[in-house]
Every structure is written in structure tokens, then in C-alpha cells.
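Undergrad: So the protein lines, in turn, are chains A and B. Using my numbering, read the first sequence as starting at 1 and increasing by one per residue. Using my numbering, read the second sequence as starting at 1001 and increasing by one per residue.
There may be inaccurate statements among the hints.
Claimed, not checked - One side of the interface only, derived from the structure: several residues of chain B facing chain A at Cβ under 8 Å:
| no. | residue |
| --- | --- |
| 1 | L1012 |
| 2 | G1015 |
| 3 | V1017 |
| 4 | Q1030 |
| 5 | D1033 |
| 6 | H1044 |
| 7 | P1057 |
| 8 | D1061 |
| 9 | E1087 |
| 10 | P1088 |
| 11 | V1089 |
| 12 | V1110 |
| 13 | D1112 |
| 14 | T1137 |
Don't read these hints as lab results, they were simulated from the structure. Everything numeric in this text was worked out from a predicted model, so none of it was measured. Note that CB positions come from ideal geometry on N, CA and C, so glycine has one too.
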Amino acid sequence: MSAASSTAGEAGFGERIADLARQAGRELAYLSIGGLTAIVAFCVWVTAVSVTLSLIVFIIGLPLYLLSVIAFRWTAELDRRNAALLRGRALRATYRDHRGESFLARLSSTTRDLQTWKDLTWLVVHSVLGFAFAAIAVSAVASVLAAFVMPLWFWSIPAGVDWGPWSIDTLPLALLATVLSIPLAALTVLINRWMVRAELWLAEQLLEGDEVAPAGAAAGPGGSPKIPLSSDGVRRMIPEGEFSLAVHAAISAMVGLLCTAVWAAAGGGYYWPAWVWLALIIPLSLHFGLREAVRIAPERRALAIQVVVSLVVTGITVAVWALAGFGAFWPIWTILALVILFVVVLLARLVWRQLYGDERERELTERVETLTETRRGALDVQAAELRRIERDLHDGAQARLVALSMQLGRAEEGLADRPEIAALVRQARAEATAANAELRDLARGIAPPVLADRGLAAAVEALGTRAPVPVKVDASQLARRPAPVVESAAYFVVAESLTNVAKHAPGASAAVVLRERGDTLEVTVADDGPGGADATAGSGLDGLRRRVAALDGELRIVSPALGGTRIEVRLPCGS
Amino acid sequence: MRVVIAEDSLLLREGLVALLREHDVDVVAQAEDGEGLLRIVGGHKPDLAIVDVRLPPTFTDEGIRAAVEARRRRPEMGVLILSQYVEPVYTAELLAGGEGGVGYLLKERVGDIPAFLDAIRRVADGGTALDREVVATLVGERRAGPESPIDSLSPREREVLSLMAEGRTNTAIAEQLVVTPGAVEKHVSSIFSKLNLSAAGDDHRRVLAVLAFLRATDGG
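Just chain B, same shape as in the assembly (with noise of 0.2 Å):
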């Protein structure tokens, strides 16, 4: 897997790429901005791009602009997007698209290696990787309306959706949950039942029926 890099941070540039090389995969380039960013996807070919949100001249939101930019370009490259914050608008800009390879992740979540590692070669496959504290705003108790259908699953079946929110493949989640994947996958049909969403092929698609589901529900 050949994986770039845009982060300006040298602290956290050089401690990233130690621990991915550790773990065999390929950091093929660095960038400290945006048009670092551009330039490198053109000129590497990457299979994932992990982007600092907040990236020079600006600081502000450098890294979302580029990274949606990057993907334009090179439409069947990942892109991860690792920030201190989490902002809802910046997961529906990344989303807009409709296409998978899409992750968006806290920085420290990289302390836990095999969860991080897992994401990112989740999203190089296409697939998805969200914090579960995007998923937290979308998802559970709080976020209900008064006659949402989210409140009528269970509490193992808010965890499951959760989990499906945030990219996680049933094999996964059963393994999260310490279930078996039989069990998952009738949680996952009482899910969309309930939701009324009709059964989705591949673990994207469903994230993305699930999101759409959850911001439509939002309320706002």
C-alpha cells in the first residue's frame, strides 16, 4: 500500500511515518501543506492520502480543501483526514461525494495501533473510517426527536448501528461486540427493518445509507 502524507507538524509527521513504516506500509511522500498535498498525489500515485485538517498558510481548514481537491483528481485514492477536532461539516463535505475511501479520525486514535491500521486499509479499500465521535453526534439518545425511529431499536442494536456508522464490517463488529457474526447480521436486518432502509450489497453503500438515514433524522 503506497500512502501519503500532508501534516505540518514535524512531531507528528516523523512519529506517524515511524509507526506505518513499523507496520509495512509504504510512506512514499510527505507534504506540510495543501499544495505539497496536489503535487505529491500527482507525482506518486498513492493508494491513501492522511491529511491534517489544519494545514499552512492559513490554519484553517487547508487540508479538507486540498484532500477534496486531491480526490477530485485521483478519484480511486483514500483519503483519511486526521484532526484534534471534529466538526459535522467537514464529514458532510467529505461524504458529498457519494464515493467510498472516505476516513475521518482524531489524531490520537492513531495511539491505538491495530484499530488505526485497520481504518486505514479500510479506506484504501474503498471503505469507510469515522470517529465514533461523528458517529456520537449522529447517533443514540440525545440526537432523537421526539417520534424518531431510532428510538425504537434497542440498545444492542444502537451499538450496532454505531459501529456500521463508523465503517466497521460485520466481522468486525461481531469481534468488537463479542458476538458472533450470525448474530450481528440479524441485529444489522432488525436494523434496517426498523429504520425502513432497504438491505445494501457492500459495508460502504450501507454506511452511507445509514448516514444518510442519520442526517436526515437530524432535525436540523
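So that you can see chain A by itself, here it is in the shape it has in the complex (with noise of 0.2 Å):
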């Protein structure tokens, strides 16, 4: 027994293993492939860009610009399809269809296409990031390959191998490296994985397409028909925001890596390009916060955009502080100017919004208030108006239908000695009592009478009298009475919720309470019933949902599958 399952349980830990194993193999395998399209890259990005640059002046620059777009787009595909090893599928990303377009529609809707720049921009970034990644994993597995085996060849070198602080030449110190060389495979495997998803989340950023619709799908009204290039879907026009900052980002990253290129082709030394740097970072972090500062809501968009100015002025003073090479740290003085200022502000605004009010926030209020009460006295008027047909019906047509029962009971009377018109007579008083009973269903489902004369608490106790299931009403704490138009709401919200009890669970009690807490007018209806209410659009409920709404009400349905339902609704009672 025991035997079986501690089979069982090494089974599983050495699936766990091999799966591991597997996982770190293709991550290894990634990283290394990435190394490799990152040299690509690399040749492909400098070779294009210092070309391209170089002979634009000269026409012939323009094909080699288009040119090289393609070979960007192609080398991008290669780490595209490299992410498959680890996602399953490969990235995704679509260009703008350039067919039978001419050679200067040609560049200029190239020019236009995000995804082409995100491409430049991929390839930029890998070419480092990539290469590096790639240097680190596999420089890590080797290190641990070789203190696995160091018992094996450690005597090979007669110095003894030299391992950091520590020179390895007796064979104990060399099974010490092999054991050690455990953990190191743990951590070599964690850093790898750390890696790979920062390379491709990177990747998911600018190499997939953010709007992958479905292949064939019709081409945009009046835009030229656009197909994918790499893979199915097509994709939509590029907003504009977003491009720019694309270009801007591709445009500073580039000039930053060509004054890298040629500090280190001088000799290095003093490493100026990190004034380049930071000059090229400055308008790039306004450009990119104030892109989002002015996406805020108009009210608090001056202050957002302080707030991206003051971010900026700081990274820019810390940067100066930490280039001209830390010291004493003086830009707590403009970073202290800036708090003060932003407090200011803040204070200034808060003050004059005490006393003047935002013009807008203030019109809004007027606004809402307004609604309000027109919403409500709409509904006053509906309710009243149905209080009017309830009293027209009565005093009418129900009126009339009693008279009329009266009088044929009379003539019946007097039909005595004519039994067969008696019956047609006693025929049409039943016709006539039965069209009464109509009419005061009607008249009950409209606006019950009882509502009116007794209040809440009475007509519910009445439904609950009248439900065809055993209902308990709790309306002890229920002191006023509320405004006609929320007691209306209250008691079709009970009269529907016991209808649906009737109906969906017949076997079932109800139990009813009527609270009032503060300003509010709570309903409660309980039932003991199989539950599984159903609240879509057009039910019953739903009714009494909009119904709850427009008093600003809430209603809410506690239905699981099992245990009964219960709905809950919250009135405010206004004044």
C-alpha cells in the first residue's frame, strides 16, 4: 500500500523534474536563438540605417529606404517566430497592404505604418538586449556544465581550475564543486527564465499586432484594402499619437547608439554619449507624459500636466547631479521648489473651488438636480394619473356594471312565470358579475385601492393574504408612511416577486419585511424555493429592476442554483 503510492508519488516528482527540465531547455534554446537573430538584427539595423541615412540626400536613398523596411519587417519575423518555441504560437503583426500603390504613395504609407517602427525598434533593442541575454544564459550553463564534471578534468590544468576566490586542484574540492553546481543549475535556470520574459514581453509589446481581426474580414470603408504580411488579420490605420512617439522613441534610440558607436570606435574613455543620452531622453519623457497628461479628464488636467513637468525637471536635475558625478546632492533644492509648488497649487485650486465652485462641476449639479426632480415628478404625475383611472374605472364602467347586475336581477324577479328568459336574464348578470371581476383585477393591478386608503404595510399584508403560498409579512418597523410613488414601487416589487414564487416554486413559504432605515425604505422577499432566478432582459425582474432604477433605488437577486432566492430592494424615501 504504502509501497504503491511512494511509486506513485516519485512518479509524479520525476514528471515534475522532466517537465522542468524540458522548460528550461527551450528557454535555453530561446535566449540562444534570440543571441543569433540579434547579431542579425544587429547587421541589419546598422547596415540599413547608415546607409539609408547616408545616401537619402541622393535620390537613391528612397528604394533603399523601402528596401530596408522589408528587411526589417523580415528580420522582426525571425524573433516572431522564435516566440513560438515558448508561446505555442508564433507573435503576430500585420502591415498595411502596399499594392498597386505608386512609389511615393509607397513611402509615404510605409512611413505610416506603426508596425514597421515598432519592427526598427524591436531590432535596436534586441540587438543589445538579445545578444547580452544570450552571452549570460549560455556563459551560465556552460560555467555549470563544467563544475558538474569538474571531477572529471579538474586535474587537467596542474594550477588547479581557477574558480573565482578559489583554486580547484584535490579531488574533494572538485566534488564540492559538482554539489555545488546543483544549486548553481537552480539559479542559472531562474535567471534564464527572468530573462526570457523580459525579452518577450518586450517582444509582445512591439512585435505582435495589438488588433488581430479575422482573416478575410472586408476592407476599412474608403481606406485601401489591407493585408496581412506576416500572418492572417488585418490591421487598422495607426493613430496618430501613438506613431509619433514610436518615431520619436526609434529616432532617439538610434542617434543614442550611433554616438555609443562612435565613442567606442574613439576609444573610449570618458563616456560623453551620456549627455546625448540624456538630451535625447528629455524631449522623449515630455513628449510621452504630456501624451498622457492630456488624455486626463479636462479638471485635473493642468495639474497632471504639472505633475509630468515637475517628474521631468527632476529626472533631469538628479541625472545632471549623478553625470557631473554625485557630490553633495543638490537637487533636493529644485525637487523641494517643485513639491512646494505642486502644494500650491493644490491648496490654491482646492480654495478656490471652496468659494467660486467649478463653473462646470456647478452647472452639472444644477443639471443633475434638475433631472431629478423632473424624474421624479414624472412619476408622481404617472402615478397619480393611474390612482385617476383606478377611481374612473370605479366610479364608471364598474359602477354602471353593478347597476346593470341590479336591474337585471330585478327583471329576473319579475320573470317568474317565464323560466327560459329568466335563465337567459340570470345568463347575462353572471356575464355582467364576471366582467366586474375583470375590471377590479385591473384596477388592482394598476393602482390597489388598499394602497392608497391603508398604506404599504396593509396592501402587503394583502398580497401575502391573497399569494397562493404560505407568506409571513414583517412590517412592524415601518413607522410613516413613504411617498405614494416609492410605496407603488414597494409593493409591485412584493406583488411581482410572489407571483414569480407561485410560479417557479410553489412548494415553497415567502417571508416579506418592510424596514425603514434612515432615509431608506427596505424590501426584503425570501423564499424557501429551489432558486436560479431568472434576471435577464425582459424578465419579470428586470422590470423591477428599471422600475427600483428610476426611483434611484437598488434591487438586488440572491438566487444560487440551490437554496431559495431572495430580493432585496433599497428605496430612498426622499423627503
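Bring the two chains, given one by one in their own frames, into a single complex with the hints.
TA: In C-alpha cells, the structure reads:
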């Protein structure tokens, strides 16, 4: 018994180890291939950018520019495919379709294609990052393997294997290296995984088209048909803001890297391109920050812009302080000034709003007040109208039917000697009675008289008495009468809920609680039926919800598939 | 029998007066509202007041309030409420005093003249006349809770119970169900023992006992 289970446990553990190893292998492969594509990417973008930029002054640069773009796309495609190793499927991106375009149109549409610029950004970043990651991963794995098999080869180096501060020249030390290689292997796997995550995340941001429509979708109205280049899906037009930011970032990165290349070619020394980077980053961060800031709602936009500018200024001062060789932290004064300025502005806004109120906010508040008032008015009018109809029925049609019944009754008596005609008259009287009963039900359905006469508690008691299921009503915590329109909403909530109980849970019993809490009327109808109430659009519950919502109330339905339904309504009573 | 009527609709009031006079019921005075009812009850010493629930000036339940007040002033008078609708809460208020001479009927029942006249006489004599709609809200399978003793009644016994609750005498019940008075008596004693009620003397007490029982098992 225990042997069997331990075997099973070992099998599970072994499987897990195998899975881990497979995954680690895939990750290593991804990083290694990424190193190779990084070399390709570096060659492609450096060649393309330098050749195109240097020849762009001559016309020959323009077709080269288009050729470069194609090269960028295909190189980026290598990394899209590589991602399939870990994601199961390749990343997908689509470009504008340039078929049938004139040369000039193609120049312009290529330039406006966001994905191309994202590809170029990827190539630039990946050529550094991908190579570095691959180098780290491969050398780490190689070191771990070397350490693992240390006892087999340490003797071949007479001076001992140089392992950091230690020199391994005896068998016990070599065996110790083997043991140590196991936690190092785990660490390597972890580091590789982090690098993979970083690189994949970046690839997803830059290489994956963010909107992939189903293949075969029709061309956008009025636009040229767009077909996928690398995969299925249709690309939409690029939003202007994102496009300009991508170009800005790509150009900044290129200039910065070129300067770094020049610095390296000139033999290193003081890393002056740092200042170039700083100069490039300032407008880029302003560009990005302000773009985000203007998306904020108008009343907070000024504040957001101030925050962005403050952050950028802080960044610049700190960077300058760092580049100038650290020393006393003088940027604190700038930061302090910015914080004080921010607080002052914030307080001023607050005071201003307290004193004068925000113009727009005041307008909106007034509008909401007006709407609330008029909506309530409309509901009051409607309730009054329903009551008037009920009264008209009562005094008109119903009274006439009663009078008719009386007259027919008297006629019937006078026809004692003509039984066959008396039977006809009796039948007519029965019809009149039935018509009256129908009118009575109708009147109760639109404006129950007992609600107007005796209020919600009595009306709900009456509902409970009439319901075909046992109903317990607790209205003891209802002190005063809410407004008629609130009363009527609460009444119909109970009526509809009890009808539902009778319909869907015939064997159940129900409990109704009416309670006043502060300015809110709470109505709860709970049953012990099967639950699973349907509150989709068009159902009776949906109608109730809308009725309650019109009074700024809430309706909550708790109806698990097993175990009763509970309908909770909160209605603000107003004044 | 001296009768007063409180009814605001001229059409119905005149129809009612004509009908009653044809059957030798003495309609001594008429009123259009609650105050008028109290005035004529004070002046004419009637045996019975027929009162509409909905009267001016509020057109809500003035009639009930006026009828209860009139009864307080003249306890020996019967009160018959006529209404277009039946509300259990009004039934409860009318019966709250515990005395007889109370009726609550839908207006359209007036068309069944023999039954209506029977109800009038019963109420004027201190009996009870409840509309079958009122009784239906109290009796019957649909009202029965899970362990209600009403479940133990046979269908026939349930019919007899309903008619008792309406205020009918054994004779009237026998007539209605086309059985002998002896059979009705047997049903009645069976019902009382099944519901654990002590057999009551007069018809009105019987009604009250039955109604009290029904309301107590109402679940509400």
C-alpha cells in the first residue's frame, strides 16, 4: 500500500523534474536563438540605417529606405517565429498592404505604418539585449555543466581550475564543486527565466499587432484594402499619437546608439554619450508624459501637466547630478521647490473651488438636480394618473355594471312565470358579474385601492393573504408612510416577487420584510424554493429593477442554483 | 325593518332603494358621505345601515370608518358594507368588535336578489354575511400551510366550512348543497372536532370561531 503510493509519488516528482528540465531547455534554446537573431538584427539595422541615411540626400536613398523596411520586417519575423518555442504560437503582426500603390504613395504609407517602426525599435533594442541575454545564458549554463563534471577534468590543469577566489586542485574540492553546481543550476534556470520573461514581454509589446481581426475581413470603408504580410489578420490605421511617439523613440535610440558607437570607435574614455542620451531622453519623456496628461479629464489636466513637467525636471536634475559625478545632492532644492509649488497649486485650487465652485461642476450639479426633480415629477404624475384611472373605473364602468346587475336581478324576479327567459337574464347577470371581476383585477393591477387607503403595510398584508403560497409579512419596523410613488414601487416589487414564488416555487413559503432605515425603505422578499431566478432582460425581475432604478433605488437578487431566492430592494424615501 | 343607505353614486343609490322598496324593506333615509351617515343613524334609529366603502370627501375608506363609528354609537344596529373590492384588512376591522350584525359584500352580489335579501335580514338580526371572496382568501387548499388542520378536511367539509364562514345557517347550507339539515349538522360537528374548536351556540358565534381559527392559521 505505502510502497505503491510512494512509487506513484516518485513518478509524479520525476515527471515534474522532467517538465522543468524540458521548459528550461526551451528557454535556453529561445535565448540562444535570440542571440543569433540579435547578431542578424544588428547587422541589418546598422547597415540599413547608415546606408539609407547617408544616401537619403541622393534620390537613391529612397528605394533603399523601402528595401530597408522590408529587411526590418523579415528580420523581426525571425523573432516572432522564435517566440513560438515558448508561447505555442508565433507572434502575429500585420502591415499595411502596399500592393498597387505608386512609389510615392508607398513611401508615405510605409512611413505611416506603425508596426514597421515598432519592428525597427525591436531590432535596435534586441540587437543589444538579445545578444547580452544569450551570452549570459550560454556562459552560465556552460559554467554549471563544467562545475558538475569537475571531478572528471580538474586534474588536466596543473595549477588547479581557477574558480573565483578559489583554486580547485584536489578531488574533494572538485566533488564539492559538483555538489555546488546543483543550486547554481537552479539559479541559472531562474535567471534564464527572468531574461526570457523580459525579452518575451518586450517582443509582445513591439512585435505583436494589437488588433487582429479575423482573416478575410473586408477592407475599411474608403481605405485601401489591407492584407497581412506575415500572418492572418487585418491591421487598422495607426493612431497619430502612438505613431509619432514610436518614431520619436526609434530616432532617439538610433542617435544615442550611433553616438555610443562613435565613442567606442574613438577608443572609449570618458563616456560623453551619456549627455547625448540625457538630451534625447528629455524631449522623449516630455512627449510621452504630456501625451498621457492630455488624456486626463479636463478639470484635472492642468494638474497632470504640472506633475509631468515636475517629474521630468526632477529626472533631469538628478541625472545631471549623477553625470557630474554625484557629490552633494543639490537637486533636493529643485525637488523641494517643485513639491512646494505643487502643494500651493493644489491648495489654491481647493480654496478656489470652495469659494467659487467649479463652473462646470456647478452646472452639472444643477442639471442633475433638475433632472432628479423632473424625473420624480414625471413618476408622481404617472402614479397620480394611474390612481385617477382606477377611480374612473370605479365610479364609471364598474358602477354601471353593478347597476346593470341590479336591474337584471329585478327583471329576473319579474320573469318568474317565464323560466326560459329568466334563465337568459340570469346568464346576462353572470356575464356582468364576470366583467366586473375582471375590471376589479385590472384596477388592482394598476393602483390597488388598499395601498392608497391604508398604506404599504396593509397592502402587502393583503398581498400575502391572496398569494397562493404561505407568506409571512413583517412590517413592524415601518413607522411612517413613504411617498406614494415609493410605496407603489415597493408594493409592486412584493407583488411581482410573490407571483414569481407561486409560479416557480409552488411548494415554497415566503417571508416579506418591510423596514425603514434612515431615509431608505428596505424591502426583502425571501423564499425557500429552488432558487436560480432569471433576471435577464425582459423578465419580470428586470422590469422591477428598472422601476426601482427610476427612483434611484437598488435591487439585488440572491438566487443560487440550490437554496432559495432573496430579493432585496432599497428605495430612497426622499422627503 | 328600517334601513339607511350611505352611497355617493346616485345611480346605485336609487337602484338599491327601488330594489329594497319592491321587497318591503323600509329605506328611511339616505346619505352621500360618512358624516351624513352618522347624522341619519342618530336621527332615524335604523335596524341596518348599508354603507359604501368609498365615500366623499377623500374617496378612500371613509365608509368603513363611518360604519365602525356608527356601530359604536348604535351597537344594536347591523352594518352591511358594500364595496367594489374586497380587502381582508377591512374584514378584520369590521369583525374586531366581536359582535354580530356585520356584513361585507361585493356590490355585484346585489344582483342576486334573494341571496342579498337573505344577507340583509341576517345582518339586521345580528348575524354575519361575508362575501365568498373574503372567505376564499381564508379557506381552501391554497391557504393551507404545510401542517394546517384544514388539510384533514374532506372537500365537502371544506365547502361547509366556507358557507359557515360566509355566515349561513345550517338550513341555508343544506339548501345550497342540496342535502338534509341532518347531514350538514354531521359535517359541522366533524369540522369542529377536526379543527379542535368547541361547538358554539348561535350561528354568529360559530362564524367568529371559524374566522378566528382561519385567521390564526393564515400564516401571516
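Undergrad: Would you mind marking each hint as holding or not holding in the structure?
TA: Now for the hints, and whether the structure bears them out:
For L1012/B, the interface hint holds, the least distance from its beta-carbon to any beta-carbon of chain A being 6 Å, beneath 8 Å. About 4 Å separates the beta-carbon of G1015/B from the nearest beta-carbon of chain A, less than 8 Å, and the hint is met. Among the interface hints, the one on V1017/B is violated; its C-beta lies about 11 Å from the nearest C-beta in chain A, farther than the 8 Å criterion. Of the supplied interface hints, the one on Q1030/B is violated, with its beta-carbon coming no nearer than about 16 Å to a beta-carbon of chain A, more than 8 Å.
A least Cβ separation of about 14 Å between D1033/B and chain A goes past the 8 Å threshold, and the interface hint is therefore violated. Taken as an interface hint, H1044/B does not check out: its beta carbon lies about 23 Å from the nearest beta carbon of chain A, beyond 8 Å. Interface hint at P1057/B: violated, since its Cβ lies 13 Å from the closest Cβ of chain A, which is beyond the 8 Å cut-off. Annotation: D1061/B was flagged as interfacial toward chain A, and the flag holds, the nearest CB pair being 4 Å apart, inside 8 Å.
Look at E1087/B: its Cβ gets to within about 5 Å of chain A, closer than 8 Å, so that hint holds up. Interface hint at P1088/B: satisfied, since its Cβ lies 5 Å from the closest Cβ of chain A, which is below the 8 Å cut-off. With a cut of 8 Å, the hint placing V1089/B at the interface with chain A holds, because the nearest CB-to-CB distance is about 5 Å. Because the beta carbon of V1110/B sits about 5 Å from the nearest beta carbon in chain A, less than 8 Å, this interface hint is met.
A least Cβ separation of about 6 Å between D1112/B and chain A falls short of the 8 Å threshold, and the interface hint therefore holds. For T1137/B, the suggested interface contact is upheld, since its CB lies about 5 Å from the closest CB of chain A, less than 8 Å.
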